[in-house]
Structures are given as C-alpha cells and as structure tokens.
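Chain by chain, the residues:
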Amino acid sequence: MKKYWNIFVNGLLKENPLLVIMIGLCSSLAVTTKVTNGLGMGLAMTFVLLMSEIIISIFRKLIPDSIRIPIFIIVIASFTTIVDLLMQAYLPSLSEAMGVFIPLIVVNCIIMGRVESFASKHGPLESACDALGMGFGYLWVLCGISLVRELLGSGVFFGLQVIPEDSVITFFARAPGGFFVFGMFIAVTKALKNVRANRALAQKSKKTVAQNNGEAAK
Amino acid sequence: MNDLVKIFIKSWLVDNVILIQFLALCPFIGMTSDTGKATGMGVATSFVMVLATAVTWPLYHFVLQPLGLEFLETLVFILVIAALVQLVEFYLKKSAPALYSSMGVYLALITTNCAILAVTLNSISYGYNFIESIVYALGTACGFLMSMVLMSGIRARLKSAPVPNFVKGTPILFVSAGLLSLAFGGFAGLIK
Amino acid sequence: MMKEMLKLGFVLAAFAAVACVALALVNNVTAPTIAAVKEEKLYGGFRDVFSDADSFKPVADFEYTSSSAVTVDGIFSVIKGDKVAGVVVQVTGPTYDKATVIVGIDGKKVISGVKILEISDTPGFGQRATEPQFYTQFAGKSATSEFVPKVDFDAISGASITTNGFAAIMKEASAAGLRYLESIGGAE
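Protein chains in written order, with numbering that gives the first Met the number 0: chain R, 0 to 217; chain Z, 0 to 191; chain P, 0 to 187.
For the record, the hints were derived by calculation from the structure and aren't laboratory data.
Partial pick of chain R residues on the chain Z-facing surface, computed with a CB cut under 7 Å: (1) Leu24; (2) Cys25; (3) Ala76; (4) Thr80; (5) Leu103; (6) Pro175; (7) Phe179; (8) Phe181; (9) Gly182; (10) Ile185; (11) Ala186.
Reference excerpt, derived from the structure (chain R facing chain P, CB under 10 Å, subset only): (12) Thr32; (13) Ser65; (14) Ile81; (15) Ser94; (16) Gly152; (17) Gly154; (18) Arg173.
From the three backbone atoms N, C-alpha and C, an ideal C-beta is built for every residue, glycine too.
Take the sequences, apply the hints, and build the full model.
Written out as structure tokens, the structure is:
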C-alpha cells in the first residue's frame with residue numbers, strides 16, 4: 000500500500016513534472032490566464048495521462064519494442080481526441096477558451112515521457128498511481144500559476160473581483176507575465192529544495208560528529 | 000499577395016510562436032545553451048514544420064473531410080509528423096552524421112514539438128488555403144528560429160552576468176524570456 | 000525478416016484499428032451534441048440583435064467581397080411571418096486581436112442591434128467593448144453612417160486600436176447588409 004502512495008506523492012512534489020523535471024511546459028503557460036482554464040487543462044491532461052498509462056501498462060508485453068513509439072502515439076492521440084470531443088460537446092465554453100491546446104495534449108512531453116519510462120515497465124495499478132501523481136502535480140502548479148496571474152492580471156480571485164479592474168497589472172495576464180510567474184515558481188521551488196538539502200546535510204553532519212565523538216569516547 | 004505578407008509577418012512577429020503563443024517551450028529551454036545547437040534545432044524543426052503542413056493540409060481537405068473523418072485529425076496529423084521526423088532522422092544520419100550525433104535525442108523529440116502540431120491544426124481551423132498554410136508555416140518557422148537564436152545569445156551573456164542566487168539557472172531564463180516576450184508585444188499593432 | 004516486418008505491421012494496424020473504432024464511437028455519441036452547441040452558438044445571439052424575428056436563414060447565393068480587412072462570415076435573412084424583415088450580418092475583423100460581431104439591420108436601414116460573439120482583446124482595454132454601454136450604442140443608428148469614432152459613436156477610452164477596429168467592423172457589416180437588402184428589393 001505504501002508503495003502506491005509513494006508513487007503517487009512522487010509526482011506531486013519530488014519529481015513534479017513542471018517544476019522539477021521541467022517538461023510539458025507548452026500548455027502550462029498559455030492556458031494559465033484564468034484558474035478555470037488551468038483547472039480544466041490539468042484535469043483533461045490527467046485524464047489522458049491516466050488512461051494512456053493504464054492501457055499501455057496493460058498491453059506492455061504485447062507492444063513490440065521497435066514500434067512502441069507509434070503505438071504510444073496512437074493510444075495517447077486517441078484519448079486526447081476523446082477528451083477533445085467530450086469537451087466540445089459538454090463543456091463548450093471551456094473547450095473554446097483552451098482552443099488548440101486541447102488537441103496539443105497529445106504532444107505533452109509529460110505523457111509521452113511517463114508512458115515510456117514508467118507505464119511500459121510497471122503494472123497497471125502502479126501506472127495509475129504514477130499517472131494520478133504526475134497529473135495532479137501538473138494540476139496544482141497550473142492552478143497556482145493561474146491564481147497568481149488571474150489575481151494580479153485581472154484582479155479576480157476564485158470568481159470574485161478582489162482588485163478593481165482599474166488597478167490590475169495587465170502584464171501578468173499577457174504572455175510576458177506567464178514567463179515571469181513561472182520563473183518565480185521555479186525559483187521558489189529551487190530555494191525550498193536548497194533549504195531542505197541544507198537541513199539534511201546539517202543533520203547528517205551532526206550525526207557524523209556525534210558518531211565520531213562516540214568513537215573518540217570509547 | 001498582400002494577405003500572404005500579412006500572414007507571414009503575423010506568424011513571424013506579432014504572434015511569435017514561442018514568445019507570444021507559448022508553444023515549443025521545451026526546445027526553447029533545452030536547446031538554447033549554445034547558438035550552434037539552437038540554430039541546428041531551429042532549422043530542423045522549421046523544415047519538419049513546413050513539410051508537415053504541406054502533407055497534412057491536403058490530407059485533411061482531400062481525405063478526412065470528404066469522408067467525414069474530421070475527428071481523426073489529431074491522430075492522423077501526429078502520426079504524419081512522427082513519420083516525417085523519422086524520415087528526417089534517416090536522411091540526416093546518412094548525409095550529415097556529425098549534426099545527427101550532436102542533436103542526439105532532441106531530434107526525435109521534434110515529434111513532440113507543440114509548435115509543429117499547432118501549425119498543422121491551426122492551418123485547418125483558421126480556414127487557410129494551401130498557399131496560405133505554407134506561408135503561415137514558414138512565418139512560424141522563422142519566428143521559431145529567430146527566438147531560439149535570440150535566446151541562445153542571451154544565455155551566453157547570462158553566463159557572465161551577476162545574477163542573484165535566488166534566480167540563477169532556469170528562473171532567470173524565464174524572466175529573460177518574459178522580457179523578450181514583452182519586447183515582441185510591441186509588434187502587436189503591426190498588422191491591422 | 001519479411002515475417003518480422005509483417006508481424007510488426009499487423010500489430011500496428013491492430014492498435015490503429017481499435018483506436019479508430021473507439022474514436023468513431025465517441026464521435027457518433029458526441030456529434031449531435033456538438034452540432035447543437037454550434038447551432039446555438041451561431042444563432043443563439045441573433046435574437047439579441049433582432050428581438051422580434053421568427054427565424055433566421057443563411058443567405059446562400061449572395062456574392063459580397065469585403066473591401067477592408069473585415070471579413071463577412073455570413074449573411075442571414077431575418078424572417079418575420081413569411082417576409083424578410085431585415086438582415087443579420089456576421090463579420091470578423093481585426094481589433095487589438097480580433098472580434099466576431101453580428102449586426103442586425105431592419106427594413107428602414109436602421110441598426111437593430113449589435114452583439115459581440117467573440118473578442119480576444121486585452122482585459123481592461125479593448126475587451127471593454129463587451130460592456131453594454133459600448134455595443135448597445137449602435138442600435139438605432141442609421142446603417143448608412145460613416146461610423147467615425149468619437150463623432151458617430153463613443154470610443155472605448157484607452158483602446159483606440161479596438162475602437163478603430165469596431166468602426167471598420169460596423170462599416171463593413173452595414174455595407175454588406177445594405178447591399179443585400181438592396182438586392183432583394185428592400186424589406187418590410
């Protein structure tokens with residue numbers, strides 16, 4: 000049980016696809032102008048990732064190695080198209096807001112990457128956990144960036160106009176702002192990692208000192 | 000002719016594929032560490048981009064649409080792109096082995112370049128005819144190459160710049176990209 | 000060697016076939032809903048510009064080439080009772096980014112209403128065209144107006160590109176609509 004949990008949590012933080020591995024960036028910046036878009040994209044991508052990882056994991060023994068890439072593409076493209084059609088039918092305004100980025104889910108490096116490196120080598124249950132972890136890791140970063148950009152760029156926070164429209168910094172709603180906010184997210188992630196690494200290092204050296212002292216005392 | 004020039008300038012500058020449309024960010028961050036790599040990647044991607052548009056446009060209009068198979072668009076287009084990249088790989092391996100080995104795995108990754116798929120899909124959804132689609136692909140390719148080379152130049156400067164520790168590495172890249180994007184925003188009024 | 004290639008080809012084809020079947024299924028299920036959504040999107044806004052119409056019909060055999068950067072997406076005749084009571088013209092024109100607008104013109108060559116279907120300009124600037132005080136001002140104006148910003152209609156403050164874009168949109172839509180009404184000998 001713990002094994003599945005670990006696989007799941009891995010994608011959320013330690014190997015977060017956007018902030019740590021830094022793949023799948025394209026769709027993440029363009030749709031993060033509003034939280035609803037970020038959420039929609041995250042969920043759509045997670046669905047495609049989940050279904051693709053499960054199917055490819057189930058059939059992994061039947062996929063010849065030399066043609067695995069085209070087969071991966073077929074599976075991922077199919078689920079992307081399914082999501083695209085479902086959104087066009089039942090969530091038309093969201094589908095319109097995200098435009099070409101929904102079919103672009105098929106070239107999201109995260110999906111191709113996880114399918115190649117994880118699903119093709121693990122069982123379906125583990126692959127599902129990996130997919131959910133990576134998917135939600137992607138989702139929360141997307142929502143985070145959208146939150147900041149929407150708040151600063153159009154003054155809206157969870158649907159409420161918190162900052163009056165005349166005082167917003169439009170920079171954040173446009174392309175440059177996306178780059179900037181994402182850069183800051185990565186900077187903060189790196190800083191946090193450094194803090195954790197330093198702390199771990201400090202603990203380790205304390206232990207070594209204690210051990211040495213213990214030995215010296217003998 | 001006027002329309003074609005407009006489409007070209009729009010896709011090259013006003014709607015720059017990387018800096019304004021946020022596409023193809025992976026190679027933008029991953030392959031701009033030196034100008035040689037950036038140019039090589041830029042040219043290879045541009046080639047595939049235009050070729051892919053030339054193949055997918057007729058495929059959609061003469062095969063998928065008449066047969067009512069528009070829903071297979073995403074699947075068919077990405078498979079075509081993958082096949083074209085394979086062909087380019089074969090060709091490069093034979094005729095320019097040095098370039099082939101220097102690009103390594105990034106050559107295969109051109110398949111997952113969002114910009115190429117986006118250009119092929121947009122050519123259909125914008126309702127462009129064949130010539131317009133090719134011009135659109137060419138403009139986008141120029142914009143891509145230019146942004147890649149620009150970024151590699153900036154990165155070379157950044158190596159010797161006094162960057163605060165907090166943003167050293169990838170974060171400052173993104174901030175620089177943001178500034179570049181801001182500059183390109185100035186092209187917005189160019190095409191009415 | 001040949002046998003190996005055949006086997007690979009077969010596996011690939013099998014995956015592709017299953018994928019196509021699955022997609023065709025989903026497509027069949029969703030196609031009617033998607034068509035309905037598109038229809039609603041198309042005509043849903045039309046009543047907002049021509050409130051007492053019974054129905055709308057796309058005009059098929061009317062040639063009109065726009066003389067500006069604004070493209071005429073479609074011309075629809077407004078049916079009231081069994082007569083043509085006016086016309087709705089849908090145009091797409093460049094603003095800061097671009098906008099798709101429908102303009103209704105009645106038989107007296109007066110604008111019956113304007114509705115913005117899509118606009119992707121900067122929030123706080125050009126996007127303010129979606130504020131009612133901007134787009135409702137066109138209703139009641141003559142379709143033969145020159146639509147000069149600040150003279151014939153109020154501009155959007157701080158968004159001159161968008162305002163000029165709308166001027167061109169109104170001019171082209173009116174020109175197209177009037178030309179159509181002329182071609183059918185006027186309307187009631």
